[in-house]
Each structure stands twice: as structure tokens, then as C-alpha cells.
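Student: Letter by letter, the chains look like this.
Number of protein chains: 2
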Amino acid sequence: MTRRDFINATSASYASLLAWGMLHPAPASAFNLPANGQRTDGKGRKVIILGAGLAGMTAAYELGKLGYECTILEARSRSGGRVWTIRGGTKETEIGGGSPQTCSFDNGHYFNGGAARIPHHHQLTLQYCKELNVPLQIFNGANESAYLYNDGGTGDLANRRMRISDYHNDMRGYTAELLSKALDQSTLDQQLTKEDVEKLIDFLKNEGDLNTAHLYKGTNRRGYKIKNDPGAGNLPGTLTDPYGLTDLLRSGFMQPVFYNVGDYAYEQQATLLQPIGGMDAIPKAFEKKLTGKIVFNAPVKELRKTENGVRVIYQKDGKTVEITGEFCVCTLPLPMLKNLESDLSGTVKRAADFIPYMKTGKIGLQFKRRFWEEDDGIYGGITRTNMDINQIWYPSFGLQEAKGVLIGYYNFYSRAEAVGALSITEREKMALALGAKIHPQYPNEFENSFSLAWHRTPYSEGGWANYDDATRKKYYPALLEPDGNIYFAGEHTTYLTAWMAGAFTSARRAVEAIHARVGEYTKK
Amino acid sequence: MTRRDFINATSASYASLLAWGMLHPAPASAFNLPANGQRTDGKGRKVIILGAGLAGMTAAYELGKLGYECTILEARSRSGGRVWTIRGGTKETEIGGGSPQTCSFDNGHYFNGGAARIPHHHQLTLQYCKELNVPLQIFNGANESAYLYNDGGTGDLANRRMRISDYHNDMRGYTAELLSKALDQSTLDQQLTKEDVEKLIDFLKNEGDLNTAHLYKGTNRRGYKIKNDPGAGNLPGTLTDPYGLTDLLRSGFMQPVFYNVGDYAYEQQATLLQPIGGMDAIPKAFEKKLTGKIVFNAPVKELRKTENGVRVIYQKDGKTVEITGEFCVCTLPLPMLKNLESDLSGTVKRAADFIPYMKTGKIGLQFKRRFWEEDDGIYGGITRTNMDINQIWYPSFGLQEAKGVLIGYYNFYSRAEAVGALSITEREKMALALGAKIHPQYPNEFENSFSLAWHRTPYSEGGWANYDDATRKKYYPALLEPDGNIYFAGEHTTYLTAWMAGAFTSARRAVEAIHARVGEYTKK
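Chains A and B, in that order, give the protein sequences.
Residue 108 in the working numbering sits at position 108 of the first sequence; the count goes up by one each step and never skips.
Residue 227 in the working numbering sits at position 227 of the second sequence; the count goes up by one each step and never skips.
Everything labelled a hint here was simulated from the structure, so no lab data went into it.
Hints should not be assumed to be uniformly reliable.
Pairs count within a copy or across copies, as identical chains cannot be separated in the list.
[As the list claims (entries may be wrong)] The list that follows gives simulated cross-link-like pairs (lysine-lysine, DSS-like), each with its CA atoms no further than 27 Å apart:
no., residue 1, residue 2
1, LYS403, LYS288
2, LYS403, LYS284
3, LYS225, LYS205
4, LYS205, LYS217
5, LYS225, LYS473
Construct the complete structure from the given sequences, taking the supplied hints into account.
Tutor: Below, the structure written as C-alpha cells:
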């Protein structure tokens, strides 16, 4: 199951669509379309690209290889779009009356506000990291030492934190015991031979760490009560007791918010990767390849079709500037496209109007001390809770340094909407109050924060396109064909929504389509 | 269960001993014994330390803080002992007629020949890394994309590689289906209420990705046959089919060699860590703190008790040198102690004679291309097989670089003995031939290798002390008390055998004992 499946169980997943033959497999090598030869190349042909996010920069980079003259118009003063690493000095003022924020993290500390991990099978993303010399490191996605915390439940295990490893080891133990019992008693109507049943019971004994009577009575896999005996010297640690099966079943940890996503989701199974130093290493590497091609602080105001191509009006230094080109690659997120004055067709405009975007937010919290490492032994990974903070992410870099920034919430939908509606100060207060239920060290160690709500972030106004079957069927197709000489790219034009791989693959698709069309022209 | 449990199921584990109160919990802060005050400190008192491995260097470092004058005698030209990172230029000639080897890895490439990972709960190891400014990174221990390979089996799944994630997802699916069926049919004599049974079935549906009829029919968690359709363009990938339960049960993957150690073993559950740049960053950091205190190339020849302390004879530059001190901390591995001329008591000598050491070996293979990443999407982690190579370790650093070094075998016991008995050339040939069954890219991409057998490595002659209940009971106690003024330290004097944490904790124990004794003296 994909991450998106968990977030929106009704939408068709990338995975299933790949399976149904509706997607191209991601290529894993440099993109080398023929620049010469049978086809005339793109030399001198002008392409205007809207947006210096990954899709726009990839399109400019690849079109540049083919000889096209690209200009990227970028509303922000930075590239990367939703690939945004928050560091000391990062500034933002959200729409809807947000207060200006300036990040005051210490030097070297950061969090990835948007894209934050790369699945090991996103070959295209990995290919661009390689091609652009962006060094990667392991992103510790599934840390068994992180916590689950069910707030407001009624069982014995509610309103207290539990190590994920305790939950996993106990549930593996009890389910192995129950199945082993069913097999022992031959009560199960199944097709296995006696020998195979023996093998299965053997498997269960190891899987659950059952005793010789095939019972689960706890396991040293859960670790030890070392800290319960702080006297040191000869004072011993003691083996922990398992939680009771009934307590576990009533714990609430079987709700989707607590799911074992690191095992369940194809995109989140080990191994995940991240660029060393922050995800913005990727857009920065593209920028180096696009010197002089990106016009920053240049919000687009109008997108017009002309007889021979396109005309774009943008603002720059308080003035209105007009630029013309033969083609346009429009990578604007749909919430931005929706409000753009344009000659776009009705089907495209309706797609922009009706394809919903994910509401989502994060907060980075800088602490004086990496207490999650020092006190809890948590080096990276994710704590999950049903509270409004939803997830706490621990950095899997800068280990054992003096200070640290963790992601104090990563939330979605109504939780993100409610939290995003708060003032910057109130968000911080909320993140600290709820996080302190899991980490009581919060109040003593906290230094400063920076929060963001993607649906309130200028020039994005949403996390990612959030299709369901109906919107995918009704509105999506309009984005796949050029509208005159205007081509669309960005994660919203793919079944890899929310992933950087979507931006990359959509850009290649647009480049391929433009280049093929140029080839057509010259054949005539 | 500990790693050692898997290797030697009969030995008492650190964990269980910790539970029984036979161990101190590892402290997590700097070691600050009182250097002044009630006790007289160690100023001017001479301590001779045998061995500049982690135990010896830690003892010298901590005794130094207290004012003792330490001299470390080290037989090798390097520090670290079994903490040994193999790089270009590393030289070794094994005992028993081994040929001289010089490593020819490219600059920046390496593998850790001995200690290679740090459990997140080995607080003392982490404390020393912090105190000595050794930066850490994630060690990717449990990579679901690595392979299992059962050689020589007869089932349909023998003699072919299988992704660990396929095995896990399928077994989770089938066992969830079987237990769900037992619960549906109420055939199981258990104590759960109807409501709890419903919750458990709900859990199983998610855990196994069962369909609405509670059957496991495969899952997109297994990934997709992307590479089966290499035509790109509109050619689709296809969903993979699950393996059959019977085939899985007969696959041989339920043998211990294939165990899911990343989930089972307390020491190997996520998260594991490693120093950036190689494990020898730790001994190198100690060396900086011990300037002038280590005498290299100084093999010890005699260890004598004197009226006031100890006398040690060692060789240096072809000459015999004698040194005296008030105390000795002997960290020599028992296979070395066994052959030392000494006044040690009979009980200590018998311990050295009869405590067995693990036979174990590794080979580093440098390849032109990181095909395991590029072709297989494997970034770190461990492939497991019942062949003589036993484990293949993929580096979780230097990701996407041009070349790479992987560990082509990591084996134990009779496998290590057989492989260690081969010539350097034959080991390489064997590693390449067996590894190529799993990675057919081996022959085309191979460049060079460096292999080691710890039981044939001079000044170690074994991997680690390998106690069983009998040897622990009979011989171990002799190592815990001083023999005259000679104190013993090293992993073999702990229940943390094989781990660096054992070296650290044993050194602190010896320091504490010496310092306490000095305190006793001055009271008289």
C-alpha cells in the first residue's frame, strides 16, 4: 500500500496503476533524447517555464541539453517549490493574514519542510541525485525505539507512551501463540501436510519467541528495565514483562494512525534515503546547471496563447514584464493555476478548480539537547500519535551533536487545517504541550520553532494533489495533453503525487512531448 | 535474543544475565571518579597496560584523568585491536603460513574488519563517541530489499534469490490469513471476548493485507515487476504474485541462518549506528588523548609479579626491554595470554587455556560499480545465505559513489574455519563464485579484495570469547578478580562479549577496582 493509500484510502494508488499498465516504469539512466539526426533539434526555440520547482528545473535542464532556450519564471526568491529546507534565516509569511516568521535555528540545524525522504526504488530521483552529484545518506524511517501514544483512550495502555518494539514484539508473540495453538489442536481446516504444519509451528516459535509450550511469556527482544535501577554499582536491570493481549487489543494502537507503515507501505519499507545537508541540495544542484535561466521574484500574472506560441505576463521589481515563447511548460500547482488569468481551455480550468489539494503542516522545534537520543536512545524514526501533532520525526543526521531540531508535528487533513489556522505562537504552544505528553523533557529543553502550513504557504497553497477515483477520472486527463503550446508538469500530472519522482517523471514526459512535436513540424 | 544467542544458542546471554542482576547497567555519562578528597589520587603511580585495543586505551584514558602514569604496550603498529578498518594500504600476514596481503581499495573505500555496528542502547559506546567527538551515522541493519538465498535446497524457492520483503510480506499474509480463519471459525479455544476477536481480526487484516474475505492473495507491499518490462514507453509494470505458503514452508528460509535478526535480536533492532569514515575513528580518537603513552610494535614476552607490583618484558626494535609498575591492566585476548610466559595463577592460566574463541572471517570486495544500488536498489543491509559466505553486507555510506566495497562474506564456526584455511586467492575465488549466485554482476565488476580470518590474525587469534554455560561457570570467575596486582579487562571479562561496549565497561571496572584499592592502601 502506498503512503497516499493511508492518507486517502479511496484514491487509486500509483502502485495499482503501475500494475494496470497505466504508468511508465521510472527510467534509471540519464535522459538522452536525440538532439540531432533524424529530428531537428530544439536550437533557438524558446520555452517559458512557469515555476522553478523540481518539475520546472528538470524541464529546463533537459530541454537545455537539447538546445532549447528556456526561461524559468519563479515567484519566490528561491528555487525548489515544495522541496524546502528550513534553516536559520528562512523567512515566510503565510497567506490569510499570517505573521512574518524568521527561523532562528542554530547554524547547521534544519528540517525538510516539504519532501523529506526518497524510497530506494524511486530510481529517477536517485538518478538525478547521481547525475547532479547530490550525496545521499540513510533516512531512518522505521525506528523500533520510537513511541506510540494513544491520547484520550480508556484502556490501560492509553495516555502513555509505548515503544514500537514492545508493541511489535508482543503482538508477534501473541499472534504466533494463537496460531500455533490452532495448528497444535488441528482445529484449523487447512491444506497443509503434517510436516508443513511442523515447519510453520517452528517458524512461529521463532517469529514470536514462544517458549517450549508454544506460549508467549515475554521476550528479551523487548529490552530491559535498565533505567529502573538507576543506582548503578551492583544494582541489576530486570527483564520487562509483556503487555497483556487484551490490553493491547484495547489499546487503540490498531487504528490506522498507528499503522506499521515502515512494513506496510511499499514506499516506506527500508531503505529510505535523504540528501546530506537537506533536501534543498537537489534544487540547488539544478540551479547550478541553470545559471541565468531562472528569473526569481517573478510571479506570473497572465498566461496567453498566441498564434505562434505563448505570451506570459509577470511582475518583476514592481513592473509588469511580457515574455513570449514557442512553448510553455506550466508547473504551477493547481491552486495557483486556478487564480491565474489565462487563455487556458475550460477543461484545464475546471481541473484547476476541482482537483483537491492536501492540507498538511509541519513544525520544526529546536532543543538545547538531543534528549530523544541521550535519554531515550532514539536516533531518527517516527513517533505516532492520534493527537493533533500526529507524528514526531527525529533527525537521522547530526547524531549526538549538542543541539537538535525535530519535527514536532506532521499532520494532514482536518488536523492540519485546525493547526494551520492557529497563529505561529499558538502552533508552537500546541506542539510543545502535546509533545510533552510523550517527551516530558520538552519544556526544559525547548529553544525556538518554525512552523508551516502548506495550504497557507504562498505560491503553493497545498501539499500535493489529492485525487480520488472520481477526480482522477473526471479532471485529470485534461492535464495530460498540451493546451495549445502549453504543457503541464508537476506531481499533480502523475500517479506519483506528493513524491519528487512525480515532478521528475512529469518533466521528462513534457520534454519528450515538446521534442516529439518539434520533430513533427520539421517533417512536414 | 542477542546476536550471541544466535551464534551459540547454549551460552548465557548478556541480556538474561542483566536480568538476573549479574551485570551493572551501562552508565551513559563521563566517568568521573574522585581524584582527590577522601581518597588519595593516583598521581605518580605507574600502571602498565597490555594492549592498545579499546579496553586498554579506555583504561589508560580514565586512569590518566585520575593522575596515574600509564604505559600501553601494543604488539601491533596500530591501535584498536579488533576494531580495525581495512583501507587501501592496510597490510597483514596471517599466522599459520599466510601470504602477505596489502589492500588496494581506492581512496575513501573501506570496510570494518572487526566491530562494525553500535546498538542504539549501548550507551557507554555512544558516550565515548560523544566524549571523544566521533561523529556517527546510521548503520542500515535491516534492509528489506536485501536477499535470502538457500543454496542446495530442493523446493521451488531453493537456489534462487528472494527479496526479504517478499518473504516477510508473504509470511505475514499467510499467517494472518490462517489465524484470521481460526478466529472466524471460533475454533480456537481462547479467552478473548467477541469484541476483542473483532479487533484482532482487524489487526490481522492490516498486518497481512488480507482481502475482504480475509484471504491473502498477494499485496502491492511486495513491489512490482518493473524490470520485467524494460521496453519503457507505455509498457507497463505488473503486480507480483505471492509465493505459495507450501513453497515458503519448504524453502529452507526458516533455518536459523536466515532468521529475521533485525526484528529478533535486541542488539540488532533498529537503530544501529556507525562512526562516519570507519570504526577506527574510535581508537584514533583515543590515541589523540594518549599521546606518548602507547609503545607500538612492542609485543609482550613475560608478565611477572614483583613484591611491589609487576614487571613486564617486551620486545622493541629487536631488543628486550623491561618495564616495572605498581599495577597491570592486561587486556590481551585469551589466545595471546595462553602463550605468554607469566607468573599468573593456575586458575587464570586455565581460563586462558579453555575459554574458546569464535572463529570468524570477512572479505571486502571492491567493485567498479555499485550494482547492488544501481541494479537492485539495495542501500546498506545484509543478504543472508546458507552458503559458506553466510552474509553479504552492503555499505550504508558512500551511497551512489562510482565504486564500492561490500563485505562478500561474514562467517562463523566451521564455515569460517574452512574459509579461513584457504589461501588469500582461494578465498577471493570462493567469495566471487558463491556471491555471483546472488549477484551475477560480480565477475564483470570485480576489482580487488582483502580478506581476514580473526582466528589467524596475529595478536588476536580469535573473534571473541565464546562462552557456554559450562565455561562461564568454570573459568570465567578467575578473570574477574585481580591476580596480585594484575587486573584483567576486555570483552572476554564481560557478558557483553564481542561488543565494543564490553571493552569499555570492562575497562571502567578495572579502573574502579584499582582506584578503590589505592584508596584502601592510603587509609591504612
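Student: How would you label the pair LYS225, LYS473 (within, between, both, or neither) given a Cα cut-off of 27 Å?
Tutor: Answer is between; shortest inter-copy Cα gap is 25 Å, intra-copy 54 Å.
Student: 27 Å Cα cut-off: does LYS403 pair with LYS288 within a copy, between copies, both or neither?
Tutor: between (31 Å within a copy, 25 Å between copies)
Student: Please work out whether the CA atoms of LYS205 and LYS217 approach to 27 Å or closer within one copy, between two copies, in both situations, or in neither?
Tutor: Answer is both; intra-copy 12 Å and inter-copy 24 Å each pass.
Student: Given identical chains, is LYS403 near LYS284, meaning Cα to Cα at most 27 Å, within a copy, between copies, both, or neither?
Tutor: both (26 Å within a copy, 25 Å between copies)
Student: Is it within, between, both, or neither for LYS225 and LYS205, if the alpha carbons may be no more than 27 Å apart?
Tutor: Only inside one copy: LYS225 and LYS205 sit 24 Å apart there, 33 Å across copies, limit 27 Å.
Violated hints: none; the structure is consistent with every hint.
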